[in-house]
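This is what each chain is made of:
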Amino acid sequence: MNKKLNTYTRFFFLSIVVSFVVATFTPEDTLSPVHIIFDKHSHFDDKDFKMEVVSTVDSTAHVNNLERVFLTTGATFGSDSRSNQNLVFTQNVSLRRCNHEVDDNSFIRIYNDSEQGELIINEATLVFGAGALPTWTLIAIVVLGMATLSCYGWIVILVIRTLRNIRRNNIFVSEVIKNIETVGKFFAVMFFVRLLLQVVFYLYVSSNYGFHDYQVTFGVISKTELLLGTGLMLLSQIFLMGKDLKEDQDLTI
Amino acid sequence: MAIIVNVDVMLAKRKMSSQELAEKVGITPVNLSVLKTGKAKAIRFSTLDAICKALNCQPGDILEYSDEENADEADKF
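Protein chains in written order, with this note's numbering: chain S, 1 to 253; chain Z, 1 to 77.
No lab work stands behind these hints, which were simulated from the structure alone. Hints are supplied without guarantee of correctness; some may be wrong.
[Unchecked claim] Label pairs and their in silico Cβ distance ranges:
{"#": "1", "chain 1": "S", "residue 1": "F13", "chain 2": "Z", "residue 2": "K53", "range": "35 to 43 Å"}
{"#": "2", "chain 1": "Z", "residue 1": "T28", "chain 2": "S", "residue 2": "N169", "range": "17 to 25 Å"}
{"#": "3", "chain 1": "S", "residue 1": "K3", "chain 2": "Z", "residue 2": "P29", "range": "19 to 27 Å"}
{"#": "4", "chain 1": "S", "residue 1": "T7", "chain 2": "Z", "residue 2": "E20", "range": "20 to 28 Å"}
{"#": "5", "chain 1": "Z", "residue 1": "P59", "chain 2": "S", "residue 2": "D248", "range": "19 to 27 Å"}
{"#": "6", "chain 1": "S", "residue 1": "I139", "chain 2": "Z", "residue 2": "K41", "range": "53 to 61 Å"}
{"#": "7", "chain 1": "S", "residue 1": "K178", "chain 2": "Z", "residue 2": "Q19", "range": "33 to 41 Å"}
{"#": "8", "chain 1": "Z", "residue 1": "T37", "chain 2": "S", "residue 2": "R168", "range": "55 to 63 Å"}
{"#": "9", "chain 1": "Z", "residue 1": "T28", "chain 2": "S", "residue 2": "D244", "range": "53 to 61 Å"}
{"#": "10", "chain 1": "Z", "residue 1": "I3", "chain 2": "S", "residue 2": "V199", "range": "56 to 64 Å"}
[Said to hold, decoys possible] Going by beta-carbon spacing under 10 Å, a handful of chain Z positions derived as facing chain S:
{"#": "11", "residue": "N31"}
{"#": "12", "residue": "L32"}
{"#": "13", "residue": "V34"}
{"#": "14", "residue": "A42"}
{"#": "15", "residue": "L48"}
A virtual CB, placed ideally from N, CA and C, is assigned to each residue, including glycine.
With the hints as extra help, turn the sequences into a complete structure.
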């Protein structure tokens, strides 16, 4: 067994363990099962681009269900002092209801302010305007967002190259193996980049904003990239073994 | 590799061309060249059988074991 295969096998099993641990300790599973569901189509007011949280259910829903929305709190719409601070969430930050005896009037309200400039980078919504994100957060988000985008770009290019090779029946060749390994590494890197992005958002949101009756939680970490990445890295080494076998076969007279 | 293939020696002894041997054995000239240059990783018994038949010789006339690599290593010490 070659050294890389050994290492990648360990990585793969480690990622399974990490995924299991993450799945066990994410807020969804460990904290209150009450989550907020944002219904895009309910109580929609065309005139003011207003939406309301219409229900709290036992199912999982996150703020990213609504794109390009600003989130604010208040008993009556527009009266809250935070309404101009443009609090922005990505898929990585979620809210958990912590007071079950909440008054009907103190639900969270969401509205879409079309006058604010928005830039969407890979699911992360950056808002420029009054109460914009602080510089360090903004820089971190832009850098990490660009890194994620670059990873996605390379993955697409490498997958196309690999598929082209496979179509030509060049499966057990060095290029395909290298591409699969690189795609795997990119996926693994992306997991950590997104995790970092999530930490940045969480730190920013949790330290700067508070919600009456709601608690900001760390959100759900996507384990798919890590598993896919380490799985592909392992697969590349299996392909390498296949390549050696093919070479042996080709050089058998 | 410590195994030396002496097909070219046998070909010279039998005054036979590589092309002719390849045809008699039923392998491609390219594969015969791979065998002659020592790049082959393995040889099938059926191929060996066909080569021996075509050259009228024993497997030992074609294949030879040489301990030169090990000897070179030993010389270093």
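Here's how the hints hold up against the structure:
{"no.": "1", "hint": "S:F13 to Z:K53: 35 to 43 Å", "in the structure": "violated, 53 Å"}
{"no.": "2", "hint": "Z:T28 to S:N169: 17 to 25 Å", "in the structure": "holds, 19 Å"}
{"no.": "3", "hint": "S:K3 to Z:P29: 19 to 27 Å", "in the structure": "violated, 39 Å"}
{"no.": "4", "hint": "S:T7 to Z:E20: 20 to 28 Å", "in the structure": "violated, 51 Å"}
{"no.": "5", "hint": "Z:P59 to S:D248: 19 to 27 Å", "in the structure": "holds, 21 Å"}
{"no.": "6", "hint": "S:I139 to Z:K41: 53 to 61 Å", "in the structure": "holds, 55 Å"}
{"no.": "7", "hint": "S:K178 to Z:Q19: 33 to 41 Å", "in the structure": "holds, 39 Å"}
{"no.": "8", "hint": "Z:T37 to S:R168: 55 to 63 Å", "in the structure": "violated, 28 Å"}
{"no.": "9", "hint": "Z:T28 to S:D244: 53 to 61 Å", "in the structure": "violated, 23 Å"}
{"no.": "10", "hint": "Z:I3 to S:V199: 56 to 64 Å", "in the structure": "holds, 59 Å"}
{"no.": "11", "hint": "N31", "in the structure": "holds, 5 Å"}
{"no.": "12", "hint": "L32", "in the structure": "holds, 8 Å"}
{"no.": "13", "hint": "V34", "in the structure": "holds, 6 Å"}
{"no.": "14", "hint": "A42", "in the structure": "holds, 4 Å"}
{"no.": "15", "hint": "L48", "in the structure": "holds, 9 Å"}
The structure does not agree with the numbered hints 1, 3, 4, 8 and 9 stated previously, though it agrees with the rest.
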